[in-house]
Amino acid sequence: MTSLLFAAGLWLALLWPLALALRVPVRAALASPGHSRRLLDGLWCTAPLPALGLAMLAPPGQLVLEWWMLGGVWELDGLRRPLLAFTALLWGLAGFHARGYLAPEQARLEAGDGSAGGRLQRFALLWPLTLAGNLLLIVAEDIASFYLGFAVMTFAAYGLVVHAGTRDARVGGLAYLVMAVLGEGLILAGLLWAAGSAGTLTLGGLREAIAAAQQGVWMAVLLWLGFGVKAGVAGLHLWLPLAHPVAPTPASAVLSGAMVKAGLVGWLGSLPLGDPGAGEAFARLGRVMLVAGLLAALGAALYGVCQRHPKAVLAYSSVSQMGMITALVAMGLIAPMAWPAISAAVVLFAAHHGLTKGALFLGVSIGEHPPRVPAWLLWSLLALPALSLAGALGSGLATKWAFKSPLYESGHSGVVAWLSLAAVGTTALMARALWRQWQSGVQARRDGLIPLAGPMPLAWLGMLLAAGTLPWWLPLGRPAWPPVDELPGLLWPVALGVGLAVAAAWAARRWPWHLHGRLPPGDLWWPLAAAWWGCRGRVQGPMAWLGETRAVLVACLVEGERRWKGRLVAVSRAEGWLRRHAAVLMMVIAIVLAMTMWGTA
Amino acid sequence: MTGAWFPLAALGSSLLAAVLIFMLPERAFRARTLLNLGAAVIKLGVVAWMVWGLRQGREYAVEFPVMEGMSFVLRADALGIMFAGLSSLLWLCTTLYAIGYLEDSPNRKRFFGFFSLCVASTLGISLAGNLFTFLIFYELLTLSTYPLVVHRGTPKALAAGAVYLRFTLSAGLVLMIGMVALHGLVGDIRFGEREILAELGAERHPMLVTIFVALILGLGVKAALVPLHGWLPRAMVAPAPVSALLHAVAVVKAGAFGIVRLVHDVYGIELSHQLGLLHGLVAIATVTILYGSLRALAQQELKPLLAFSTVSQVAYIVLGVGLFGPLGTIAALSHLLHQGLMKITLFFCAGNYAEELGIHRIDDLDGAGRRMPLTSLAFTVGALGMVGLPPVVGFFSKWYLGTGAVQAGMPWVIAVLVASSLLNAAYFLPLLHRLWFRPGPDHGRGEWPGERRLGRFETSGWLLWPTLATAAFSVLAGVLAGMPFSPLEWATRVAIEEYLP
Amino acid sequence: MSAWFGLAASPEAFPPAMMAALSLALLAPPLLGVVAMRFPPRHPAPVVAVALPAITLWLLTAVAAHGGHHAPVSLGALDLQLRLDALSALLLLLTQLLMLASAAYAVGHRQAARIPRRAAAWLWPLLGGLTTSLALIWLAADLLTLYAALELMGLCAVAMMLLPGQADALAAGMRYLLFALVGSLAWLLGVALLLGAWGRLDLAGLSATVEPGPVTWIAVALLSAGLLLKAAIFPLHAWLAPVHGSAWPPVSAIHGALVVKASFFILLQLWLLLIPGQVAGAWVLGGLGSAAVLWGGLLAWRARGLKQVVAFSTVGQLGYLLLAFPLLIGTSEAVAALAWQGTWLQLAGHALAKAAMFMAAGNLLLATGHGGLAELAGTSRRLPLALMTFGIAAVTLMGLPPSAGFTAKWLLLQAALLAGQWPWVLVLALGSLLTAAYVFRVFRYTFVEEAPRHDFRQLPVGMDLIALLLALTALGLGLAADWPLAMLRPGGGEP
Amino acid sequence: MSAFVPLVHAGLLVGLALVCLVDRRLARACLAFIGFALMMALAWWHLGAPWLGLAEALFGALFTGLALLHALGTWSREPGPPSHDHFLRRRRQVPIRLLVAVAWAILVAMGVGLLLGTGVVELLAEGRRRPLLPAGLAIMTLGAWAFATHTHLLRRLLAFNLLGSGIFLLLAGLAGARAEVQALILVGLVVAWLGTLLGAVLIRRLHALESRVTLVAEDEPGGGE
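Residue numbers (the numbering used here), protein chains in the order written: chain A, 1 to 601; chain B, 602 to 1102; chain C, 1103 to 1597; chain D, 1598 to 1822.
Everything labelled a hint here was simulated from the structure, so no lab data went into it. Any given hint could be a false lead.
[Claimed, not checked] Derived lysine to aspartate or glutamate pairs resembling DMTMM-like cross-links, with alpha carbons at most 25 Å apart:
no., chain 1, residue 1, chain 2, residue 2
1, B, LYS757, A, GLU105
2, B, LYS757, C, GLU1551
3, B, LYS710, C, GLU1551
4, B, LYS757, B, ASP1043
5, B, LYS757, C, ASP1270
6, A, LYS565, A, GLU575
7, B, LYS710, C, ASP1557
8, B, LYS710, B, GLU956
9, B, LYS757, C, GLU1114
[Said to hold, decoys possible] Computed, partial: chain D to chain C, Cβ under 8 Å:
no., residue
10, LEU1615
11, VAL1616
12, PHE1660
A quick note: this is a predicted structure, and the numbers were derived from the prediction, not measured. No residue lacks a Cβ here, since even glycine has one placed at the ideal position from N, Cα and C.
Isolated chain A (complex conformation) (with noise of 0.2 Å):
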């Protein structure tokens, strides 16, 4: 009874999102025309619900498909079950945050702009459509069901990325779907070989054969880096940065909270953490993980301090924080007996992560329509989920110490201190965002206010709390607060962070670099993609003479054949000279004939 329970409860988690998608055509084509709805109404926020309700009352359970696909297998165990959790919380608010967000397109929609309606239709369609493909990643134990959740969520969320149709959305999304469909690529020949060394299809297969075969380590190498484009590894992340800034900001809230963690769920599926039996080629390449984690934690904080926009800070600060993530992924195979605790600290990470940078981004855009509020409540406000990241308090805090106490007791405190290095570049970092959006914010005020019980401000309001009282709410165990006296250790970072912000605030008034011009956004990208423009010129000219050649060469041959099809005249002369000549020819024929015989007898 229970598990009946259970799988239709998965199924409707799983179901509810795409038929709320599926609505949303059957709608349109019903609908008389000129007559337009609402797209985004309540019903269309409900989509995570299912999932939500799923994760926080749904003991662990296994559900077993035969008939899907290759033999679907689909769990709740105790690391899903968080990241189910925040996943569809954030998913939830973020939806309600976007009616209030997409609200003008719909007022432009009912005046009749075709073009907008098209857009929130292609919105309300896709939301839902990536959101099923993040719930089925998490819950998904087969390979298939796992890649294709994957690969619905890679691929719809290419829509919501694009949403605004602008140049600069289509250079993001072109980065978004360049690299995603490396990553794709990446993934698919990881998950192959690895699979088909052990002919295993679940997860947990994958990770045992991974972890015995021949060449496992090179299995792991490509998984890591495929799933590391969507996690943003050092060099793997261009797109964040310039896909964030141009989505619609709740999409740049679940892209930056959920979507980048599917990366970790890869990783957490199919890399063998925490594996004593693995060998030291993985504690090898967890030394290089553990290398490029904190290139990117603190890389990207100096990167990002450069930036103008505040979403491109926002996103800059999600590379570092997932480099942070990726160091301690990386913990798994260094230090495979520290794992069981570290890899709850890294769940727990995550969530915070994911709520908190969601209620950053839903802050970005309460800062461009500020409600009804004092500016002073609004603001600080605004700085609480930016404290909690930079781990000063909340979920934040807690996090930190999560991870802190697992390494210092298997003796990484080397790690801790540069983790705490990165955690100073966070804090830079939530002080230019937070001062980016004041910026901006002042001439919003000025433009007009809007009320506080709207989505928007609400949708807001629920992720700080969310956020706040992660630890409190998450299905993950109690976490451990840190004793006071460790506070300091804790703190310092926090502080230097402050300080140093100001500082530099201070030295870029007084001596103003325009920085920000010369480090646009998405760093690499640009001369590599200079560098690809210029290869693909270079090619070409090869290319373009292997075509001429090709078609010189067919040309030769039919003009080969049309000369010999006019040799052929001289068959048909030949025809008339064997007719005036048939009676002599009859007569050499007998001779030649009798001869042969003759001569070879």
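Dock chains B, C and D against chain A, hints included.
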């Protein structure tokens, strides 16, 4: 004895339809439609019955001698019936589509007559029980498709027809010579009698390799393996249902199916492996996959793009054949069906765009998703399947190919697969972007090259429903891949039979 | 080898019923021809009602059941010999079927082409004479009967070709006449040498007594040269195309299908019986055949008129038959058995298909009113039946399945591969491709849509149906080949 | 005497054949042919085949002669073909044709010689005993040469007839006057007559329709069959 009637009935239904269609006058639209659909449905029913019967362990075979030591054999085995099922299902869809597509165009009688003949040959190919019978229908297919290729009668179509014939007839000849040589060596080999060649002494092996090469040359032209693929993109001048038929069901598939038969049922996978033939196949397939994708990337028009995509995709089947191990075999067999479903969808869509909006070039596709959402949805499904994304069936072929490659000890094949996926994405995703995300005439920018309002829906129902049906099939066959009678499950059965004596 | 041709060492008389049936088969056609000359049939039905094939079918079953017969027939002081085995019975059946088809077609053709009744009336006795002479050639087992039959056949054929009476028909016919006569003189010269050397004319006796030697070789070389000229084998084929260019389609059909083959039949018989070990000579003939295949194919490919295409195609197709010589002479028994079956199947398949093709071409010509290929534009829409017939017949010529041509080609290929005689494989392949080239060249014209519309004449459906029936027979013969081939296998006719 | 008469007879045959083939005045050539045929009939009679002789006289001389004269338009009101053959073959074609005809003759002669167990040279000596053999050989050679060289249709008909007669003589010379030989020759005679008749009618029709007496079309310069 009743077992003999079913293969004959399946073959006869479309042959008889062809004859009757030729006898009907050109004007008899309704009778012809009825005949076409009736025959298609009957055939589908007969094949379905045989599928069910095979599962119960029944035998369906008919044979009679043609000359000393050589018989005409029709036999429904698991592999053959799989292909027969595909062709009869897709025939029904294509017939519906063609009825709508050719509305009010001249020479419909000729078209449908040869169309039926073409399908009869495909069915014969699938049910053939030995190489001789296979060859009969293989050549018949060449003949019956020529009038379809040149149907429009334009100079371009006629030139394409000439190229088509040059390739296929020469190939048929080489194939025949190879078959005769094999026949001379060991006599009549029924499909499945792998032990005959396996038991030959090692001194015959060079001869066997030579014959194999000749046979692959003959089959490779229809399967459009590089460098024997030149006819395929040119044959795109044919009407859309013909292209669909050529690419998804009949001609290309006949070649690929022949290769499967050759390796699995004549030489036997063990012997082919032992002779080192599989490596050659994998190499050719690899080259073809990459070359086809690269050429597709450079196309400016929709149908040639799809044609080069076919070149690339069909080589997957050959690749699967070349991977020694049950997974590779499953991949080859299931892709035979999967590619058919996806490619026919894509061609139907291309036809819809051309008919409804006059779109032939890729850059005219901007914003077509708004004007023809269902067609574009079907196109999206097909394109994503080609890229290899679940739940469309293309993913499953790739999955088995990849895992099969590892099993066969050739993990580098995965790199080929991934490269092909990336290339597929590189030419299909921009199309999807154009369809859905670019503003087009329906957003008030420019106008369609030649818009016609063909029906109540976005286009005529005859054109729309088959498209949606095949798209739905290609999704359902993926989602429900674990169900009995799904293509993948059936392919697994065949492969297991092959490897477990 | 003599057993292959149903020759027995000690001939015995035919059973009376068989003798009566044979006499009927030999004598009825000319009589019927004379009657038809006096009362020309206005409808194909009475022609088809002539039940001669039924009698032959009975003979065939009798032969198949009890084995062949070889009987002496005395005519005054002369001892003539006839034999009836499965091969000759099958050829007889084929001849009568084709004759009936062409006669039935001729009835319709005369009306459709508006040929004056007086000119057309001569066709009937000539057809009768031709039937008898062909039957005699299949049945005769001595050189004298063969000579007489060959001459009768030649004269009847020439006369039939002249019936249209136009200048080009007359000139071509005159050339044909001269070459036919000279060819038979070469034959007679060879016979003279044989008779002088061995003193007998019966084939069974000759095959038993003749020893290889210069005289035999010279005699056979002379005989062969004459027969090659009559059989229109390259390079002695040049008279053929002009003759067909102007003849009536039913006449062309019979000529292309049977008349040239009769000379081949005699030639093969003589070589196998008289010089069965002469490999080099056989290769020369094989080489001539190969050249014929290529030459005929090339000319047919470049031809401008539809009938020329068909006529040159005959030249090419006859070349295939000559491959029988190198494959039958001096090869192993297995090879010879394959080549033997392949050759006769090719002969029968080509006869049926070529007759159908000439008739279909005639229909197209009559309907369009022009003989040029370019005038065929649009026929695929307006004259589908005639074109379909042409196509089905062409399938046999191209050797594509499931036609008789295909099965025959398979057998010949197998024989060539088994014997290790690679050149013939190449010839068979090239020949098929060339055939495809000229056939589809014709079709290419018919598919052209942008042509000016012609007024196509409506023809009686019967004319198309007769041709279609023949073409379908040729097509079906490929799959039903085991029935005749089982009888043709050496010893296959024995119970 | 008994040896001499056949020799003269043979000589007469060859001479008449030569006249018949070489003379460009067609009427005279035809008359020469009638004379030749009568000599042939005489030869058959000498050989002990009187019925064959009669048949030769009837078919060879009378009917064929009538047919030939008909071709010349002797009894017709419409003008017949010109009675003189002007046509000249290209110069370089002539010797080759002669050469081939001679080679052909040598081939046949070798056959005959080997058959009789003598060499080719001794064959001439043998001719003293059987004069019809060398005569037949010579007439056949002449006929073959003429058939290959001439273009005028009537002359080719004549050449054919002489070629046939030469072969008849060879046949009789080799195998004697047996029933089979007589039958063969008889068939040959009838066929030759029928062929000549058909040819004659054709020549008249062709001349009436297109006023041509050769098969060489105008666009085949200097050719000739």
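The hints, checked one at a time:
1. Pair hint LYS757(B) plus GLU105(A) does not hold up; C-alpha atoms about 50 Å apart against a cutoff of 25 Å.
2. For a cut-off of 25 Å, the pair hint linking LYS757(B) to GLU1551(C) stands: about 12 Å separates their Cα positions.
3. At most 25 Å may separate the alpha-carbon atoms for a hinted pair to count; LYS710(B) and GLU1551(C) meet this at roughly 15 Å.
4. Taking the CA atoms of LYS757(B) and ASP1043(B), the gap is near 33 Å; set against the 25 Å cutoff, the hint is violated.
5. Distance check on the hinted pair: LYS757(B) and ASP1270(C) sit about 38 Å apart at the alpha-carbon level, beyond 25 Å; violated.
6. Only pairs whose Cα atoms come within 25 Å are accepted, and LYS565(A) paired with GLU575(A) is accepted, the gap being roughly 16 Å.
7. Distance hint between LYS710(B) and ASP1557(C) is fulfilled; the C-alpha atoms sit about 21 Å from each other, no more than 25 Å.
8. Distance check on the hinted pair: LYS710(B) and GLU956(B) sit about 20 Å apart at the alpha-carbon level, within 25 Å; holds.
9. A C-alpha spacing of about 67 Å is found between LYS757(B) and GLU1114(C), which places the hinted pair above 25 Å, so the restraint is violated.
10. Among the interface hints, the one on LEU1615(D) is violated; its C-beta lies about 19 Å from the nearest C-beta in chain C, farther than the 8 Å criterion.
11. For the restraint placing VAL1616(D) at the interface with chain C, the shortest Cβ-Cβ distance is roughly 21 Å, beyond the 8 Å limit, so the hint is violated.
12. Taken as an interface hint, PHE1660(D) does not check out: its beta carbon lies about 15 Å from the nearest beta carbon of chain C, beyond 8 Å.
In summary, the numbered hints that this structure violates are 1, 4, 5, 9, 10, 11, 12.
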